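Asks: Could you put together the complete structure from these sequences and hints?
As they're listed, the protein sequences go chains A and B. Sequential numbering from 1 applies to the first sequence in the numbering used here. Sequential numbering from 1 applies to the second sequence in the numbering used here.
Don't read these hints as lab results, they were simulated from the structure. Be careful, since some hints might not be right.
To spell it out: a stretch of chain B is covered by chain A in this simulated footprint if at least three of its residues, at any positions, have a beta carbon under 8 angstroms from a beta carbon of chain A; those stretches are [unchecked claim]: (1) 72-80; (2) 104-111.
If you only want the chain A side, here are some residues facing chain B, beta carbon under 10 angstroms, derived [as the list claims (entries may be wrong)]: (3) R2; (4) Q3; (5) G4; (6) A7; (7) T59; (8) T61; (9) D63; (10) R66; (11) I67; (12) G68; (13) R70; (14) V94; (15) A98; (16) L170.
Quick caveat: nothing in here was measured; it's all calculated off a predicted structure. The beta-carbon is built from N, C-alpha and C at its ideal position, and this holds for glycine as well.
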Amino acid sequence: MRQGIVASLLMGVATVVGIGFAALGQTLSAGLQAGLFWTALLFGLFPALARGFIVEEETGTADLLRIGARPASIFWGKWLFHATLYALLSVVLVPLYALLVAPPRGHALGWLLLWLGGGFCLTSILTLCGALVAQTTVRGALLAGLTFPLLLPLILILIAGTRQALEGALPAEPLQGIFGYALALSAGGAWVFEKVWQE
Amino acid sequence: MWALECRRLGKRFGERWVFRGLELSLQMGTVLLVRGANGSGKSTLLRLMAGLLAPTEGTVVLRYQGTPVADRKRYLGWCAVDGALYRELTGYEHLRWWAQVRNLPAERDLLLTHLERFELGHRAHERVRAYSAGMRQRLRLALATYGAPPLLLLDEPDAGLDSSGLRLLERTLHEQATYGIACFATNRAEFARWGNLALELGS
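Replies: Written out as structure tokens, the structure is:
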């Protein structure tokens, strides 16, 4: 798990540095800034999130968890770890992004709500998909295939919202979409996980 | 009064049936010895009993006073030779974590006394990665028996144990019979006397 966290941080930092280098001396549009911001966070999150359940299955400790704890506790426990990782990545990557690419500006509350809602949804989706693929043999390919349809609409809404926040407006409609998505994930995530986790 | 029932139990992996139509009724006080050649389905049967695998057909039901228990995982102790432990935790931390997730008493003295019972007290605060294979097996047994679960499932529990560990295992099985049911899988003929009921798979 420690290796996963380090890999996440390195991946995130490398992405932001790469973007910063490519954007050197250029003025980026709000839409491009928003897209690059969420791409950097997503790239950073992926290496560790994908490993959460896979490590448990590979080392054999998943049986211990299955016997010992309720599925909902396991789901939310892993979710909490992933959310902490998201916060840690943000602490490292957001200042770096501000320094190398473009400082966050515009509607501060909008930014905060997008960060919170986006983080909740991202960690829920990746926790759920991580549990699903951990029990298969074609993990890497399946993880990408499973997460893609779930992540794509979320990322598009987050980018649209972030662009509005950068332009100084409260992204009301994107936020509605994100919090609706979060509500559906919090209600259904643990339930789906329970079904997946049994065998 | 606890009872475990398997009705028309069968498990298939792909096209191959490991076993089929298994009928088993175990009452409190039973120590079931499961024997069979490699690949005969000993581990599969125990995993089905534990609810770690779903049966292809049939049912497994744990009853208390005749009433089926909804989530039998909450009432069983599990020890498998390939069961992994968290290498970065100490033996004591392991047992404390286990007690907490299962809502069992987690007072330090209780935990240390239980580890002492498995002769792990003097190494309780060392990380599991420093344990020998036999000590890891003792820790698995300590986890499986903590809280005196009514159903104890042991898959090759003798693996890696020295003579004193084997005596501990024998005592554990006898104690389990006083308040619950135990099932253990092994191929070593000398341990057959530990069970009061035997099941030969693949015969």
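Asks: The structure should be examined with respect to each hint, and the outcome stated for every one.
Replies: How the hints compare with the structure:
Here the region 72-80 of chain B counts 4 residues with a CB under 8 angstroms from a CB of chain A, which clears the bar of 3, and the coverage holds. Figure legend: the region 104-111 of chain B, annotated as covered by chain A; annotation inconsistent (0 residues with Cβ-Cβ distances under 8 angstroms, at least 3 required). Given the 10 angstroms rule on beta carbons, the hint for R2(A) holds: about 9 angstroms separates it from the nearest Cβ of chain B. This hint is violated: Q3(A) has a C-beta 12 angstroms from the nearest C-beta of chain B, more than the 10 angstroms allowed.
A cut of 10 angstroms between beta carbons decides the hint on G4(A): the least distance to chain B is about 14 angstroms, and the hint is violated. The criterion of a C-beta within 10 angstroms of any C-beta in chain B is not met by A7(A), whose closest approach is roughly 18 angstroms, and the hint is violated. Because the beta carbon of T59(A) sits about 5 angstroms from the nearest beta carbon in chain B, less than 10 angstroms, this interface hint is met. Interface hint at T61(A): satisfied, since its Cβ lies 5 angstroms from the closest Cβ of chain B, which is below the 10 angstroms cut-off.
Residue-level restraint check for D63(A) holds (minimum Cβ-Cβ distance to chain B is 6 angstroms; threshold 10 angstroms). Here the hint on R66(A) is kept, as its CB sits about 6 angstroms from the closest CB of chain B, short of 10 angstroms. The closest approach between the C-beta of I67(A) and any C-beta of chain B is roughly 5 angstroms, which is under the 10 angstroms cut-off, so the hint is satisfied. The restraint placing G68(A) at the interface with chain B holds, with a minimum CB-CB distance near 5 angstroms, inside the 10 angstroms limit.
Nearest Cβ of chain B to the Cβ of R70(A): about 8 angstroms, under the 10 angstroms cut. The hint holds. Violation of the interface hint for V94(A) is found here, the shortest Cβ-Cβ separation to chain B being roughly 30 angstroms, above the 10 angstroms cut-off. Among the interface hints, the one on A98(A) is violated; its C-beta lies about 35 angstroms from the nearest C-beta in chain B, farther than the 10 angstroms criterion. Hint status for L170(A): violated, given a least beta-carbon distance of 42 angstroms to chain B, over 10 angstroms.
The structure fails to meet hints 2, 4, 5, 6, 14, 15, 16 from the earlier list, while all remaining hints are met.
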